[in-house]
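Number of protein chains: 2
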Amino acid sequence: MFNLKAELGGARRGTLRTAHGDIETPFFMPIATKGAVKYLDNSDFKQLGNQILLSNAYHLYLRPGIEKLNSFGHLHKLMNWQKPILTDSGGFQVFSLARLRKLTDDGVVFNSHIDGKETFFTPELSMEIQDAIGSDIRMCFDYFPGYPADYDVAKKSVYLTTAWALRCKQWHDMVMQKRSKSVRSLLFGIVQGSSYKDLRKSSAQQLLAVDFDGYAIGGLAVGEPPEIMYEVLDNVVPELPTNKPRYLMGVGQPEQVLEAVKRGVDMFDCVLPTRNARHGQVYIRTQQDGLVAQDLSEIYYEKITIKGAIHDLSELALDPFCECYTCASGYSRAYIRHLFTIDDPLAKKLTSIHNLSFYVQMMAEIREAIDYA
Amino acid sequence: MFNLKAELGGARRGTLRTAHGDIETPFFMPIATKGAVKYLDNSDFKQLGNQILLSNAYHLYLRPGIEKLNSFGHLHKLMNWQKPILTDSGGFQVFSLARLRKLTDDGVVFNSHIDGKETFFTPELSMEIQDAIGSDIRMCFDYFPGYPADYDVAKKSVYLTTAWALRCKQWHDMVMQKRSKSVRSLLFGIVQGSSYKDLRKSSAQQLLAVDFDGYAIGGLAVGEPPEIMYEVLDNVVPELPTNKPRYLMGVGQPEQVLEAVKRGVDMFDCVLPTRNARHGQVYIRTQQDGLVAQDLSEIYYEKITIKGAIHDLSELALDPFCECYTCASGYSRAYIRHLFTIDDPLAKKLTSIHNLSFYVQMMAEIREAIDYA
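Just so you know, the protein sequences line up as chains E and C, in that order.
Note that the first sequence covers residues 150 to 522 in the working numbering.
Note that the second sequence covers residues 150 to 522 in the working numbering.
Next up, chain E with everything else stripped away, as it sits in the complex (with noise of 0.2 angstroms):
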């Protein structure tokens, strides 16, 4: 399921099997949570060259819902995107978005965050819905504590993510054996444990025992310093097996990102790009060769905010070295400001590729660096 190819220290690069294709790792998922990467369509991610598209168990679960994924054929037909879907397990979501009203060992009680229709949510109704969406790799329910997070509470979330990614295994596995291999889908646990090494050293190891197709580390790039990631990363990596992949969830800006995969992970999903995509906010390479240094250790790029009236007058492309569609179309710097000041959607089409594009861009490069070494 996962071939490791090669590495350079820590970094690894690999491939992933899914039942819709292989992934080169590391990668990064753009984020169509409720099916749709807002602007965007297949076509521009064929442009990007992206392997893979991450989606939302909660969101789908209230729109479109189980009943009419499974009768329309899950999300893959819906979207019409026929690569590799990751699910989030609605986890994060319920805690983080809905109108929290109880949680149990058994799982948690919402009311939804359009209609207040209350939900028991269960480890094993996380698994259904991920199933309705039919997504290729799909993650444990689990509990996220919030951050910071005092010791007690972390321990908690250790303890009911383990309890909870038990039920999920079991769901899983009842579920897939019934199916042919080669459409299996891929179930990931989640290391959670705050700050605390002790607490996420248990964690995987508790995960480990259960034996999982992959490991993501959660409750990461909620608002801690990044040393806090790195250190999290460096007590949690270690534990995990070389076999199997390791995601670290919703991280990050791009220097995150190059230390997170030189520290050992293989799979990244953020907001970043397409959010401050839709602000002005544009990735730009400093280095006309390339984004990322060839022995990894550094990431050649600034942020510029293309709202700005410097850019009045500007013929550049947002990044005159970058090949992406917006940039290699021939659109200016002047145009996509006109277009943010008359606050036209094409404004923020155009940078979403952009920024898009910059992230699987980067990938590649990291991906060409440890082939290289």
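Hint data in this document are derived by calculation from the structure and do not stem from the laboratory.
Check the hints yourself; a few may be wrong.
You can't tell identical chains apart in this list, so a pair holds if it fits in one copy or across any two.
No farther apart than 20 angstroms at their CA atoms in a straight line, the calculated lysine to any residue pairs in the SDA-like style are these [as the list claims (entries may be wrong)]:
1. Lys226 to Ser478
2. Lys217 to Ser481
3. Lys305 to Val359
4. Lys187 to Gly479
5. Lys217 to Thr490
6. Lys226 to Leu462
7. Lys304 to Leu357
8. Lys411 to Pro387
9. Lys187 to Tyr474
10. Lys327 to Met150
11. Lys187 to Gly429
12. Lys232 to Gly479
13. Lys187 to Asp492
14. Lys350 to Glu380
15. Lys195 to Tyr474
16. Lys232 to Ser481
17. Lys452 to Ser481
18. Lys251 to Leu274
19. Lys456 to Asn229
20. Lys411 to Glu173
21. Lys195 to Ser478
22. Lys318 to Arg333
23. Lys304 to Ser351
24. Lys304 to Glu373
25. Lys266 to Ile491
26. Lys226 to Leu465
27. Lys187 to Ile491
Dock chain C against the given chain E, drawing on the hints supplied.
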């Protein structure tokens, strides 16, 4: 400049030569009011087979303004669009959108609808703005009397429209005679006169005496019943020379476009396809072998509401017989409905592409039908 090639009843088939290339008539212009067609970009226009865009002097005067347009090098360069552009004079917006302060024979004082800034808008200023835009086809600054209009008001609109048309013509001739023929823009006069036959006739005759490159029929599609619109066409078109293109401004629904073509109109623009698209109203052909009857007797289409629950599980393309990007790429009605439900901008992009394609395709079929006859 205008080469009339074939006729079918009153309908005409021709080629209009502009500084940015030839346009086959009759044709429809998507509206890039402020220098962008919401959600769409040049690769979408290319796929559509779109020949020309329409933009607006009033909006581009406010943002980015004459100075920036001149400094940057005109709208074709700003938009990265190398085919023809037609500009409206700003007249309609000054009388409908801006806060009007004072109307004199010399021009109009208005306050910007954005920041309240006061401008004295004159025929010369309209020409100057359109020259900064660098449009291929320019419209004279006209006086739109509103609808319905009393006879006296309509009469005044004809008088002012002619007086201003003369001033536009003088400005345009003076500027263009210094430029080589290949880059000269075309200038169109606009026939006003509301629903009054004698005023429409008089307006047309006065403008003909000034001699323009083409003639527009203004003040229609502003709430009048279609019969009034057709009656005005029946009255005005016979007054216009056969060797000049005729432009029915702001029209309209597909059957109105067909009716106008049959009455000898060559050029159209309308917000309907894109506005309807953004509200989930989609044009669907009802005959597999085409939209337009070979003899121009009928247009076979209906309009469906893609937000309707009936499309919930529909695997159909918006229009299974359509070859536009949206329909040919495998996007289902179920998915587009889902995108509207979650309010994702991709919904509006996909339906806008389809509806514009419907209009562009309808015009292509109309041209074919006339050629074929």
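So, going through the hints one by one against the coordinates:
Only between protomers do lysine 226 and serine 478 lie at most 20 angstroms apart by alpha-carbon distance; the minimum there is 12 angstroms, versus 30 angstroms within a single protomer. In the homo-oligomer, the alpha carbons of lysine 217 and serine 481 lie at most 20 angstroms apart only across protomers (14 angstroms), although the nearest pairing inside one protomer, at 43 angstroms, exceeds that limit. In this homomeric assembly, lysine 305 and valine 359 come within 20 angstroms of each other (Cα to Cα) only inside a single copy, at 18 angstroms, whereas the closest approach across copies is 86 angstroms. Taking identical chains as interchangeable, the C-alpha atoms of lysine 187 and glycine 479 lie at most 20 angstroms apart only when they sit on different chains, with a minimum of 18 angstroms there against 22 angstroms within one chain.
In the homo-oligomer, the alpha carbons of lysine 217 and threonine 490 lie at most 20 angstroms apart only across protomers (13 angstroms), although the nearest pairing inside one protomer, at 40 angstroms, exceeds that limit. For the homomeric pair lysine 226 and leucine 462, the shortest alpha-carbon distance between copies (11 angstroms) is at most 20 angstroms, but the shortest distance inside one copy (44 angstroms) is not. Taking identical chains as interchangeable, the C-alpha atoms of lysine 304 and leucine 357 lie at most 20 angstroms apart only when both belong to the same chain, with a minimum of 17 angstroms there against 86 angstroms between chains. In this assembly of identical chains, the alpha carbons of lysine 411 and proline 387 lie at most 20 angstroms apart only when taken from the same copy (13 angstroms versus 77 angstroms across copies).
Both within a single protomer and between protomers do lysine 187 and tyrosine 474 lie at most 20 angstroms apart by alpha-carbon distance, with minima of 16 angstroms and 18 angstroms respectively. Proximity of lysine 327 and methionine 150 under a CA criterion of 20 angstroms is satisfied intra-copy only: 19 angstroms inside one chain copy versus 71 angstroms between copies. In this assembly of identical chains, lysine 187 and glycine 429 lie within 20 angstroms of each other by CA distance both inside one copy and across copies; the values are 15 angstroms within and 17 angstroms between. Taking the shortest alpha-carbon separations for lysine 232 and glycine 479, only the inter-copy value of 14 angstroms comes in at or below 20 angstroms, while the best intra-copy value is 29 angstroms.
In this homomeric assembly, lysine 187 and aspartate 492 come within 20 angstroms of each other (Cα to Cα) both inside a single copy, at 15 angstroms, and across copies, at 10 angstroms. Taking the shortest alpha-carbon separations for lysine 350 and glutamate 380, only the intra-copy value of 12 angstroms comes in at or below 20 angstroms, while the best inter-copy value is 83 angstroms. Taking identical chains as interchangeable, the C-alpha atoms of lysine 195 and tyrosine 474 lie at most 20 angstroms apart whether they share a chain (11 angstroms) or sit on different chains (14 angstroms). Taking the shortest alpha-carbon separations for lysine 232 and serine 481, only the inter-copy value of 17 angstroms comes in at or below 20 angstroms, while the best intra-copy value is 32 angstroms.
Within a single copy, lysine 452 and serine 481 get their C-alpha atoms as close as 17 angstroms, which meets the 20 angstroms cut-off; across copies the closest is 37 angstroms, which misses it. In the homo-oligomer, the alpha carbons of lysine 251 and leucine 274 lie at most 20 angstroms apart inside one protomer (16 angstroms), although the nearest pairing across protomers, at 66 angstroms, exceeds that limit. In this homomeric assembly, lysine 456 and asparagine 229 come within 20 angstroms of each other (Cα to Cα) only across copies, at 19 angstroms, whereas the closest approach inside a single copy is 34 angstroms. Taking identical chains as interchangeable, the C-alpha atoms of lysine 411 and glutamate 173 lie at most 20 angstroms apart only when both belong to the same chain, with a minimum of 16 angstroms there against 59 angstroms between chains.
Proximity of lysine 195 and serine 478 under a CA criterion of 20 angstroms is satisfied in both settings, with 16 angstroms inside one chain copy and 12 angstroms between copies. Proximity of lysine 318 and arginine 333 under a CA criterion of 20 angstroms is satisfied intra-copy only: 13 angstroms inside one chain copy versus 72 angstroms between copies. Proximity of lysine 304 and serine 351 under a CA criterion of 20 angstroms is satisfied intra-copy only: 10 angstroms inside one chain copy versus 87 angstroms between copies. In this assembly of identical chains, lysine 304 and glutamate 373 lie within 20 angstroms of each other by CA distance solely inside one copy; the values are 18 angstroms within and 72 angstroms between copies.
Taking the closest pair of Cα atoms, lysine 266 and isoleucine 491 come within 20 angstroms of each other only across two copies (17 angstroms); inside a single copy the shortest separation is 38 angstroms, beyond that limit. Taking the shortest Cα distances, lysine 226 and leucine 465 sit within 20 angstroms of each other only across copies (12 angstroms), while inside one copy they are farther apart (39 angstroms). In the homo-oligomer, the alpha carbons of lysine 187 and isoleucine 491 lie at most 20 angstroms apart both inside one protomer (19 angstroms) and across protomers (11 angstroms), since each shortest distance falls under that limit.
Hint compliance for this structure: no hint is broken.
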